[in-house]
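A.B. asks: Each chain is listed here by its residues.
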Amino acid sequence: MTTPLEDLFVKTRSSQRAALIGYMPAGFPTQDGCIEIIKAMIAGGVDAIEIGFPYSDPVMDGPVIQVASEQSLRQGTTAREVMATVAAVSELAPTLIMTYWNPIERYGVENFARDLVANGGSGVITPDLTVEESDPWMQATVEHGANRVFVVALSTSDERLKKVSTNSSGFIYAASLMGVTGVRDSVTSGAKDLVARLRRVTDKPIAVGLGVSTPDQAREVAQYADGVIVGSAFIKLVQEAPTLDIAVARVRELAQALSAAIAEEVVRS
Amino acid sequence: MSAPVTSEILGHFGPYGGRFVPEALISALDELTVAYESALADPEFQRELSELHRTYTGRPSIITEAKRFSEHAGGARILLKREDLNHTGSHKINNVLGQALLVKKMGKKRIIAETGAGQHGVASATAAALLGLECVVYMGEEDTKRQSLNVARMKLLGADVVPVTQGSKTLKDAINEAMRDWVTNVETTHYLLGTVAGPHPFPTMVRDFHRIIGVEAREQVQALIGRLPDAVLACVGGGSNAIGIFHPFLDDVDVRLIGLEAGGSGVLTGLHAATITGGTPGVLHGTRTYVLQDESGQTIESHSISAGLDYPGVGPEHAYLNDIGRAEYRAITDDEAMEAFSLLSKTEGIIPAIETAHALAGAMKVGRELGPDAVLLINLSGRGDKDVQTAANYFGIPL
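The listed protein sequences derive, respectively, from chains A and B.
If you want our numbering, it's the 1-based position in the first sequence plus 24.
If you want our numbering, it's the 1-based position in the second sequence plus 3.
Don't read these hints as lab results, they were simulated from the structure.
There could be a bad hint or two in this list.
[Claimed, not checked] Residues from chain A that face chain B, not an exhaustive set, calculated with beta carbons under 10 Å:
hint: 1; residue: E94
hint: 2; residue: A112
hint: 3; residue: S114
hint: 4; residue: P127
[Said to hold, decoys possible] On the chain B side, residues computed to face chain A include the following (Cβ under 7 Å):
hint: 5; residue: V24
hint: 6; residue: M182
hint: 7; residue: G300
hint: 8; residue: T302
[As the list claims (entries may be wrong)] Simulated coverage check for chain A against chain B, where a stretch passes if three residues somewhere in it have a Cβ under 8 Å from a Cβ of chain B:
hint: 9; segment: 97–110
hint: 10; segment: 148–162
hint: 11; segment: 177–186
hint: 12; segment: 192–204
hint: 13; segment: 279–285
Don't be surprised by glycine CBs; every beta carbon is placed ideally from N, CA and C.
Whenever a hint applies, use it, and build me the whole structure from the sequences.
C.D. replies: See below:
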């Protein structure tokens, strides 16, 4: 059995284009508003969705996601709301949860994988779970058929890239820069080198994230990666919009622009 | 070094410890582990560190017998290991000098540190000045107000102090911000973590730099009374001074090891920082340990009159020592700590740090339980100069 996420990459690879992946924290700006925003992303051409599980100590996130997560948590977002968001959008596009490790451990590792899949989710991105600590997660995801997306960095050695790739499924998340999430002026050349190093050790799909926010940046990444991940740029639009309707419209427009930029490029892997 | 009873395979202490960090930090943690392990085996490094401790820190620190304070502790003999007399006024310098020497070995030029009470920040700024390193200290905005004297000290020593305005604006958030800096600047920067928490190798390495406290004290107590103490007591926030004095006693199974956590307004009120007493196992700041967390795994803000103990996690080795029953952990309320703070000041002429006052309050209880034949060794981890303002407010002394 394959997950909807795996099916997506089979499809985009056969048409030699990159997939567009959009991130939004659950419960932001509100529980229902988040679902509206995600639907707008999908309507605008986003191929797969990452739903963030807001966490009290997001050490890998910059100010944009920190503020959004805090707002969501203040409104009482828990695992229940995160799972409900997955259920609300997973029929429209392949859906992942992105979360720090502690909320999974607290929920119960096995239960988290089970409930994710039961709600139509494809997998989970775990940015602070090292492969050394992942045995229970490997078992739970194999048991329930969920994808495990690990994150690699510019500083990751070739030896570790191999190890992390072996444990990953769905895709491998290549962090484009050394730093936290956020909107950046440019995508570093390091990202391209990292993807090239990954290609030598794996044929699994590779998506690039961190600091990708504009159509130009997306176009550039789409020349060498199987997926382009955009997060903070969408969140910023929501934060700056005076009303939810305006936020929805702006998010759809950005998704369309990013999607169109990516469609112009052929992935040369 | 005596054989530890704790298992340290891959930085684990039973189910605790390990590494829960972004991949971006793995190579730096590996580099640090290698540098540290080679330093452990390098007589030149050890000589350099001992020499610094002798000529700069002021080691060995002395033992003071608190004879008048003893009356308030059931008549038990009270022996104070005077880490407050170290340069910069607390045990923190032991770890800081060790790590700063490692930084020089690794060829990095910039250190970052988190601080709660400011003691670790001051020690880090001091080591940076001594060894010619750039130093940035992250400190919760709330703590910069509670500990303004230490902020000024750090600045006088040439460090940049960055007030952290996110979250609870205390130690936990200072660590978050330091980790974000580290992820971004890891190639040039060393994160000089100030306690026995965080990802491997920090819990092991920081402990080893503080073991000197227990190694010295164990010999000093034996020389003084001809036997080992009945109990060793220390306050526990992250737990660095406690593990430093506990560790050399681990194999002495008749010596009770008692950690005193910050009970704030009382563990039952929810307003406390007693992580082992009132928390549950989880992952925080790169390590698996006891954590104050809610049902969703969100960290609960801790509360304590003592900025240095105001942390919702604890070192993973303490979590393990608790579970296997080798050490015991109790909570001391703000009021109990302040009573002990006042008593030690008035009976011995020693103003302790409010952190340390938790250990003294624990000694008052344990002394009463064990009676006048007992000998208690207490780690007097820091001096109270920095706490004069907080204490004056607490006791209603006009400033």
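A.B. asks: Now tell me if each hint is right for this structure.
C.D. replies: Tested hints:
Look at A/E94: its Cβ gets to within about 8 Å of chain B, closer than 10 Å, so that hint holds up. Proximity of A/A112 to chain B is violated relative to the hint, the smallest CB-CB distance being about 19 Å (cut-off 10 Å). Taken as an interface hint, A/S114 does not check out: its beta carbon lies about 21 Å from the nearest beta carbon of chain B, beyond 10 Å. The interface hint given for A/P127 holds, since its Cβ lies 4 Å from the closest Cβ of chain B, which is under the 10 Å cut-off.
Because the closest C-beta pair between B/V24 and chain A is about 6 Å apart, less than 7 Å, the hint holds. Here the hint on B/M182 is kept, as its CB sits about 4 Å from the closest CB of chain A, short of 7 Å. For the restraint placing B/G300 at the interface with chain A, the shortest Cβ-Cβ distance is roughly 3 Å, inside the 7 Å limit, so the hint holds. With 7 Å as the threshold, the beta carbon of B/T302 comes within range of chain A, its nearest partner Cβ sitting at about 4 Å, so the hint holds.
Residues of the segment 97–110 of chain A lying with their CB closer than 8 Å to a CB of chain B number 3, which satisfies the three-residue condition for coverage. Counting residues of the segment 148–162 of chain A whose CB lies closer than 8 Å to any CB of chain B gives 6, so the stated coverage by that chain holds, three being the minimum. For the segment 177–186 of chain A, the stated coverage by chain B holds: 6 residues have a C-beta nearer than 8 Å to a C-beta of that chain, and at least 3 were required. Coverage of the segment 192–204 of chain A by chain B holds [criterion: at least 3 residues with CB-CB distance below 8 Å; count 4].
Requiring three or more residues with a Cβ within less than 8 Å of a Cβ of chain B, the coverage given for the segment 279–285 of chain A is violated, as only 0 such residues are present.
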